[in-house]
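Participant: So the chains spell out like this:
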Amino acid sequence: GAGVSQSPRYKVAKRGQDVALRCDPISGHVSLFWYQQALGQGPEFLTYFQNEAQLDKSGLPSDRFFAERPEGSVSTLKIQRTQQEDSAVYLCASSGDRANEQFFGPGTRLTVL
Amino acid sequence: QKEVEQNSGPLSVPEGAIASLNCTYSDRGSQSFFWYRQYSGKSPELIMFIYSNGDKEDGRFTAQLNKASQYVSLLIRDSQPSDSATYLCAVIYSGAGSYQLTFGKGTKLSVIP
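Here the protein sequences line up with chains Z and D, keeping their order. Each residue of the first sequence is one higher than the one before, starting from 1 at the first, in the working numbering. Each residue of the second sequence is one higher than the one before, starting from 1001 at the first, in the working numbering.
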């Protein structure tokens, strides 16, 4: 079946602009995660949803980062007033009954100029 | 600070040899352990998971877990050039109520034909 999809795949923003990144999880997957991956590093956790509830947002780096999943399916990660240090690949992952086993989407590469 | 440590490599092995990838973690409360493969420019792909001490085999891959030593390894038998990628070790810590993955920085593996 279809895997996790993300859009856009690439995004270039000028410093100070707001951006919105979308994630479509695998159909029926209850859990959804956002990670940030800088060049040469492993992914770092940002936030976790179970259905529409955001159960953990401890990894969000600042109050400029906001995530939502209003109907328990599609999720949007929003970054306000982007800064150059926000440049990274943003990965979305979803999992089903076995919340441990997470499957990643292709990511959105964000470049802030 | 929960940490996952990996040798960044690169690790070079000849085709057909066994590749051995190692990972240590800092928190004894860790519950679940994962190996992801990441090709350049692609997203992480789950290849193995292990929850109990000992070995777990899946095809050419064997994951080994030693909780007393806080050590996880991945063996790849009969290495192929297509195995050349970065291998990410990840753990989930118990008790947080969240299933966030904590990743190491990854080990880059090159299989030489």
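Since the hints were made in silico from the structure, they are not lab data. Hints are not guaranteed to be accurate.
Only pairs whose alpha carbons sit at most 20 Å apart, straight line, appear in this in silico EDC-like list of lysine to aspartate or glutamate [unchecked claim]:
| no. | chain 1 | residue 1 | chain 2 | residue 2 |
| --- | --- | --- | --- | --- |
| 1 | D | Lys-1056 | D | Asp-1078 |
| 2 | Z | Lys-11 | Z | Glu-71 |
| 3 | D | Lys-1042 | Z | Glu-101 |
| 4 | D | Lys-1067 | D | Asp-1078 |
| 5 | Z | Lys-78 | Z | Glu-101 |
| 6 | Z | Lys-11 | Z | Glu-101 |
| 7 | D | Lys-1067 | D | Glu-1045 |
| 8 | D | Lys-1105 | D | Glu-1005 |
| 9 | D | Lys-1105 | D | Asp-1058 |
| 10 | D | Lys-1105 | D | Asp-1027 |
| 11 | Z | Lys-78 | Z | Asp-24 |
| 12 | D | Lys-1042 | Z | Glu-44 |
| 13 | D | Lys-1108 | D | Glu-1003 |
| 14 | Z | Lys-78 | Z | Asp-97 |
| 15 | Z | Lys-57 | Z | Asp-24 |
| 16 | D | Lys-1002 | Z | Asp-56 |
| 17 | Z | Lys-11 | Z | Asp-56 |
| 18 | D | Lys-1105 | Z | Asp-86 |
| 19 | D | Lys-1108 | D | Glu-1045 |
| 20 | D | Lys-1002 | Z | Glu-71 |
| 21 | D | Lys-1067 | D | Asp-1055 |
| 22 | D | Lys-1108 | D | Glu-1015 |
| 23 | Z | Lys-14 | Z | Asp-86 |
| 24 | D | Lys-1105 | Z | Glu-85 |
| 25 | Z | Lys-11 | Z | Glu-85 |
| 26 | D | Lys-1105 | Z | Asp-18 |
| 27 | D | Lys-1108 | Z | Glu-44 |
| 28 | Z | Lys-57 | D | Glu-1057 |
| 29 | D | Lys-1056 | Z | Glu-101 |
| 30 | D | Lys-1042 | Z | Glu-52 |
| 31 | Z | Lys-14 | Z | Asp-24 |
| 32 | Z | Lys-78 | Z | Glu-44 |
| 33 | D | Lys-1108 | D | Glu-1005 |
Participant: If a hint holds in the structure, say so; if it doesn't, say that too.
Facilitator: Okay, the hints, checked on the actual structure:
no.: 1; hint: Lys-1056(D) x Asp-1078(D); verdict: holds, 17 Å
no.: 2; hint: Lys-11(Z) x Glu-71(Z); verdict: violated, 25 Å
no.: 3; hint: Lys-1042(D) x Glu-101(Z); verdict: holds, 18 Å
no.: 4; hint: Lys-1067(D) x Asp-1078(D); verdict: violated, 27 Å
no.: 5; hint: Lys-78(Z) x Glu-101(Z); verdict: violated, 25 Å
no.: 6; hint: Lys-11(Z) x Glu-101(Z); verdict: violated, 28 Å
no.: 7; hint: Lys-1067(D) x Glu-1045(D); verdict: violated, 24 Å
no.: 8; hint: Lys-1105(D) x Glu-1005(D); verdict: holds, 7 Å
no.: 9; hint: Lys-1105(D) x Asp-1058(D); verdict: violated, 24 Å
no.: 10; hint: Lys-1105(D) x Asp-1027(D); verdict: holds, 17 Å
no.: 11; hint: Lys-78(Z) x Asp-24(Z); verdict: holds, 15 Å
no.: 12; hint: Lys-1042(D) x Glu-44(Z); verdict: holds, 16 Å
no.: 13; hint: Lys-1108(D) x Glu-1003(D); verdict: holds, 19 Å
no.: 14; hint: Lys-78(Z) x Asp-97(Z); verdict: violated, 27 Å
no.: 15; hint: Lys-57(Z) x Asp-24(Z); verdict: holds, 19 Å
no.: 16; hint: Lys-1002(D) x Asp-56(Z); verdict: holds, 16 Å
no.: 17; hint: Lys-11(Z) x Asp-56(Z); verdict: violated, 26 Å
no.: 18; hint: Lys-1105(D) x Asp-86(Z); verdict: holds, 18 Å
no.: 19; hint: Lys-1108(D) x Glu-1045(D); verdict: holds, 15 Å
no.: 20; hint: Lys-1002(D) x Glu-71(Z); verdict: violated, 32 Å
no.: 21; hint: Lys-1067(D) x Asp-1055(D); verdict: holds, 12 Å
no.: 22; hint: Lys-1108(D) x Glu-1015(D); verdict: holds, 15 Å
no.: 23; hint: Lys-14(Z) x Asp-86(Z); verdict: holds, 11 Å
no.: 24; hint: Lys-1105(D) x Glu-85(Z); verdict: holds, 18 Å
no.: 25; hint: Lys-11(Z) x Glu-85(Z); verdict: holds, 14 Å
no.: 26; hint: Lys-1105(D) x Asp-18(Z); verdict: violated, 29 Å
no.: 27; hint: Lys-1108(D) x Glu-44(Z); verdict: holds, 18 Å
no.: 28; hint: Lys-57(Z) x Glu-1057(D); verdict: violated, 35 Å
no.: 29; hint: Lys-1056(D) x Glu-101(Z); verdict: holds, 16 Å
no.: 30; hint: Lys-1042(D) x Glu-52(Z); verdict: violated, 28 Å
no.: 31; hint: Lys-14(Z) x Asp-24(Z); verdict: violated, 26 Å
no.: 32; hint: Lys-78(Z) x Glu-44(Z); verdict: holds, 17 Å
no.: 33; hint: Lys-1108(D) x Glu-1005(D); verdict: holds, 14 Å
Hints 2, 4, 5, 6, 7, 9, 14, 17, 20, 26, 28, 30 and 31 from the list above are not met by this structure, while the remaining hints are.
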